[in-house]
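**Q** Chains as they are written, first to last, in my numbering: chain S, -4 to 106; chain V, -7 to 106.
The hints are simulated quantities; they were obtained by calculation from the structure and are not laboratory data.
Careful: at least some of the hints might be erroneous.
What the hints assert, rightly or not - In silico DSS-like pairs for lysine-lysine, Cα to Cα no more than 30 Å straight-line:
no., chain 1, residue 1, chain 2, residue 2
1, S, Lys93, V, Lys47
2, S, Lys62, S, Lys103
3, V, Lys56, S, Lys(-3)
4, V, Lys33, S, Lys(-3)
5, S, Lys51, V, Lys33
6, S, Lys103, S, Lys37
7, V, Lys47, V, Lys12
8, S, Lys(-3), V, Lys47
9, S, Lys103, S, Lys(-3)
10, S, Lys103, S, Lys51
11, V, Lys47, V, Lys58
12, V, Lys12, S, Lys65
13, V, Lys12, S, Lys37
14, V, Lys6, S, Lys37
15, V, Lys6, V, Lys33
16, S, Lys93, S, Lys62
17, S, Lys93, V, Lys12
18, S, Lys65, V, Lys47
19, S, Lys93, S, Lys65
20, V, Lys58, S, Lys37
21, S, Lys37, S, Lys93
22, S, Lys51, S, Lys65
Claimed, not checked - Just so you have them, the derived chain S footprint on chain V, three or more residues with Cβ under 8 Å:
no., region
23, 28 to 41
24, 94 to 106
Backbone N, C-alpha and C define an ideal beta-carbon position, used for all residues, glycine too.
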Amino acid sequence: QKEVEQDPGPLSVPEGAIVSLNCTYSNSAFQYFMWYRQYSRKGPELLMYTYSSGNKEDGRFTAQVDKSSKYISLFIRDSQPSDSATYLCAMCAGGGNKLTFGTGTQLKVEL
Amino acid sequence: GAVVSQHPSRVICKSGTSVKIECRSLDFQATTMFWYRQFPKQSLMLMATSNEGSKATYEQGVEKDKFLINHASLTLSTLTVTSAHPEDSSFYICSASDNVYEQYFGPGTRLTVT
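Work the whole structure out from these sequences, hints included.
**A** Here you go:
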């Protein structure tokens, strides 16, 4: 079993839809949770990071962490074609900041 | 802020030659730099972690004599792929960090070995 599981998609939604991206993990030592966006042939871009359970909002993006269920989510409101990319969840235990990545979910927002 | 550059962005080399990839943090001092490899439609696989002035720590299965990492300063790390073979063809991405959990990624280098 992988430490971090993420549905690879692809996920196709119409413009304006609410997108829900999810990851589950098995290592209870993970304390920091991140979401990255990666466009084709580019390096990942940090979107959001959270430490504690609960929600964190930044513009159209909301990150949600449920440590009791070992489940994290990223919600994208009013999705735009420019949101089409691969979204990677990542997490680490803290010390040494070695990240463990999910496989990434490919998202396509269509006009 | 938090800009990381990589050079070159793309390189093609012949089998048996060595290739050096540079990773620079442009507007912050990176205490730690990471090197990843990414195959098409797959996630990032950590190859090694390097701290300035120290030897790199390689992940299991990564040959340290083949993938030489030098972290000469707080803003520069290099990855040298020695005696490259076609199976080394991949997308190599570096990241840099100056705190516990935030990593900022470079744009990546696409290596093709013919």
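**Q** Let me make sure I understand: some of the numbered hints might not hold for this structure. Which ones are they, in numerical order?
**A** Those not satisfied are hints 12 and 18.
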